[in-house]
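Undergrad: In case you want the letters, here they are:
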Amino acid sequence: MRSMALTNERIQERLVEKFGDQLTGFEEPYGLLTFIAPKALNLKILQFLYDDAELGFRFLTTLCAVHYPDMPGNQLAIVYHLHNLKDNVRIRFKVFTPVSEPDIFTATNLYATANWMERETYDFFGVNFVGHPNLKRILNVDEMDYFPMLKQYPLEDGTRIDKDDAMFGR
Amino acid sequence: MAELLHPHVKLPEGSIEKQTTTLNLGPTHPATHGVMQNILELDGERIVSAEQTIGYIHRAFEKLAEHRPLYQITTLTDRMNYCSSPINNMGWHLTCEKLLKVKTPKRVDYLRIIIMELARISDHLICNSIVGVDSGAYTGFLYVMQYRELIYEIYEEICGSRLTTNIGRIGGFERNFTATAFNKLEKFLDEYPRVLTEFEHLFTRNRIFMERTQGTGAISAERALNYGFTGPNLRAAGVDYDVRVHTPYSSYEDLAFTVPVGSTGDNYDRFLVRNEEMRQSLSLITQAYRKVQEFKGAEADVYHADVPEYYLPSKQDVYTKMEALIWHFKIIMGETEIPVGEVYQSVEGGNGELGFYLISDGGRNPYRLHFRRPCFIYYQAYSELTKGAMLSDAIMTMSSLNLIAGELDS
Chain A
1 MRSMALTNER IQERLVEKFG DQLTGFEEPY GLLTFIAPKA LNLKILQFLY
51 DDAELGFRFL TTLCAVHYPD MPGNQLAIVY HLHNLKDNVR IRFKVFTPVS
101 EPDIFTATNL YATANWMERE TYDFFGVNFV GHPNLKRILN VDEMDYFPML
151 KQYPLEDGTR IDKDDAMFGR
Chain B
171 MAELLHPHVK LPEGSIEKQT TTLNLGPTHP ATHGVMQNIL ELDGERIVSA
221 EQTIGYIHRA FEKLAEHRPL YQITTLTDRM NYCSSPINNM GWHLTCEKLL
271 KVKTPKRVDY LRIIIMELAR ISDHLICNSI VGVDSGAYTG FLYVMQYREL
321 IYEIYEEICG SRLTTNIGRI GGFERNFTAT AFNKLEKFLD EYPRVLTEFE
371 HLFTRNRIFM ERTQGTGAIS AERALNYGFT GPNLRAAGVD YDVRVHTPYS
421 SYEDLAFTVP VGSTGDNYDR FLVRNEEMRQ SLSLITQAYR KVQEFKGAEA
471 DVYHADVPEY YLPSKQDVYT KMEALIWHFK IIMGETEIPV GEVYQSVEGG
521 NGELGFYLIS DGGRNPYRLH FRRPCFIYYQ AYSELTKGAM LSDAIMTMSS
571 LNLIAGELDS
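Sequence order for the protein chains is A and B. Per our numbering, the first sequence starts with residue 1, numbered consecutively. Per our numbering, the second sequence starts with residue 171, numbered consecutively.
Misleading hints may appear alongside valid ones.
Here are the simulated DMTMM-like cross-link-like pairs (lysine to aspartate or glutamate), alpha carbons at most 25 Å apart as the crow flies [what the hints assert, rightly or not]: (1) K271(B) - E9(A); (2) K354(B) - E464(B); (3) K151(A) - D531(B); (4) K233(B) - E9(A); (5) K268(B) - E27(A); (6) K466(B) - E423(B); (7) K466(B) - D70(A); (8) K94(A) - E236(B); (9) K354(B) - E469(B); (10) K86(A) - E28(A); (11) K461(B) - E446(B).
Some but not every residue of chain B turned toward chain A, in silico, with C-beta under 7 Å [what the hints assert, rightly or not]: (12) G225; (13) I227; (14) H228; (15) F231; (16) H237; (17) A391; (18) L395; (19) N396; (20) G398; (21) R538; (22) H540.
If you are wondering where the hints come from, they were derived from the structure by calculation, not from laboratory data. Here a beta-carbon is modelled for each residue, glycine too, at the ideal position from N, C-alpha and C.
Based on the sequences and whatever the hints tell you, model everything.
TA: Set out below in structure tokens:
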């Protein structure tokens, strides 16, 4: 078992020392420290969490987006889950961006793993990761002209009969 | 397509070729063991660059999950890493149980450990024997396959299916383990260690196998972490990160096991780590089975928690009791409101940290569900792992990473 020296309170303290009241919404759902940051700060926060000797969050567990169509100006949330493997602490933070202007800095220079995670997030939500070396679709076809995980797109009607697909028997 | 992407791939210094050769490895090549494509630029037989194309079997699981009640999502998780689907199923149940604050009985935890570790063995056994096949040794593969069959028979005894298992329910298992299941488990525990030893004898000190795997597809611990590696692939590079130890779930903390690590992060170390993990899994199963046998009286028959909102009542009760009939209807029709909340739960899957990020807004379906699929995350390192390698090594590297198309594409 690892030591649990680094507590959520201490992490919050360090973050507030550095970024002041720009970080909001601190809470601990199911024990996981969560907060909200302005979108322009996402990279600065990731870098600080990475570099700070005490915090040392150097493992990007996941990166994904959530669409909230009913929150004007904040329709898209980009969620980062980070892990400090040494002290074994996880945290989560979110940045919000309007869906009409979904630009946010890429984390690929800090984490090689962010490359495909960001491509996936772009592919499904249309988030434009500024500075990404190869931001193109990854799971969907290149020709697709919309971002399918946005809430306005329903599932295909399973009973539709207008599709003629001899191969897959519709 | 490749010419467009790489109009002028430069040949390395001193090459005797006039130009690079483009090779499409996959998506339906037998050596890829799954539907994925690699566009390789070759200098003779050496790889100059590799570009992966994935998504051939993308089935929109995250979108589908937003339109389904919790219990119907289990079947989606089956189809991610289908070599060890019970781990995915359990990971999903644990996520729901965390959100719903359900406490599972200890016996359920141990039974789950037995199933998850069996799944880990079946996953590693396939991966390692396929690495053997790709180096030209078919025997090991056919030999251990009998024991995967035995594992599948155990699944069948418990849940009725073999590959896409849909095993367990929120709160426990759909039914108690039968005597036959335990008998088969005992047979497995009795015979498999010997078979595993024989399997290791075939490969571990085999000159050809060592020459083929040592030093190929290597990655340093630092790069592996930066690339988000987890599971055996990360441990082979020398980092002892294991979700079962770091964030224990399902009472793993009650059992003793060691986390094997490698040092070079190459194909050989990945092979060794997986073999040792199978031994650790055997020990975990033995310990958990012993604990299961210790339960006496009524406790010895417990196989689920008491969560009437999510756990289907018995048929007998549905036909005779009004309340049970209502629960049954509500569960089947997906008419139960899920409490508001946001959870991240991960389990140590066959390939590493399999995470579920679930957001509920109080509706009947998840508002958002994101799967952290270890395969998807580490496959992006493939071009770095194979740069400058021989084509034949790249194929070994692909199988040694244990790429599962279902998990890649979700």
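Undergrad: Hey, K233(B) versus E9(A), does the alpha-carbon distance stay inside 25 Å?
TA: 36 Å, violated
Undergrad: Against chain A, run the beta carbon of L395(B) and see if the smallest gap drops under 7 Å.
TA: 6 Å, holds
Undergrad: Does the nearest C-beta of chain A fall within a distance shorter than 7 Å of the C-beta of G398(B)?
TA: 3 Å, holds
Undergrad: Given a cut of 7 Å on the nearest C-beta pair, is the interface hint for R538(B) held or broken against chain A?
TA: Holds: closest Cβ of chain A sits about 5 Å from R538(B), inside 7 Å.
Undergrad: Verify the proposed pairing of K151(A) with D531(B), using a straight-line Cα cut of 25 Å.
TA: Holds: K151(A) and D531(B) sit about 14 Å apart, inside 25 Å.
Undergrad: Straight-line Cα separation of K271(B) and E9(A) no greater than 25 Å?
TA: 24 Å, holds
Undergrad: Please verify that hint: H237(B), Cβ, nearest Cβ of chain A, below 7 Å or not.
TA: 5 Å, holds
Undergrad: Do the alpha carbons of K86(A) and E28(A) lie within 25 Å of each other, as the hint requires?
TA: 20 Å, holds
Undergrad: Under the criterion of a CB-CB separation shorter than 7 Å, is F231(B) in contact with chain A as hinted?
TA: 10 Å, violated
Undergrad: How about H540(B): closest beta carbon in chain A under 7 Å, or not?
TA: 4 Å, holds
Undergrad: Would you mind confirming whether the straight-line C-alpha gap from K354(B) to E469(B) stays at or under 25 Å?
TA: 22 Å, holds
Undergrad: Taking the closest Cβ pair, is A391(B) under 7 Å from chain A?
TA: 11 Å, violated
Hints 4, 7, 13, 15 and 17, counting from the list given before, are not met by this structure.
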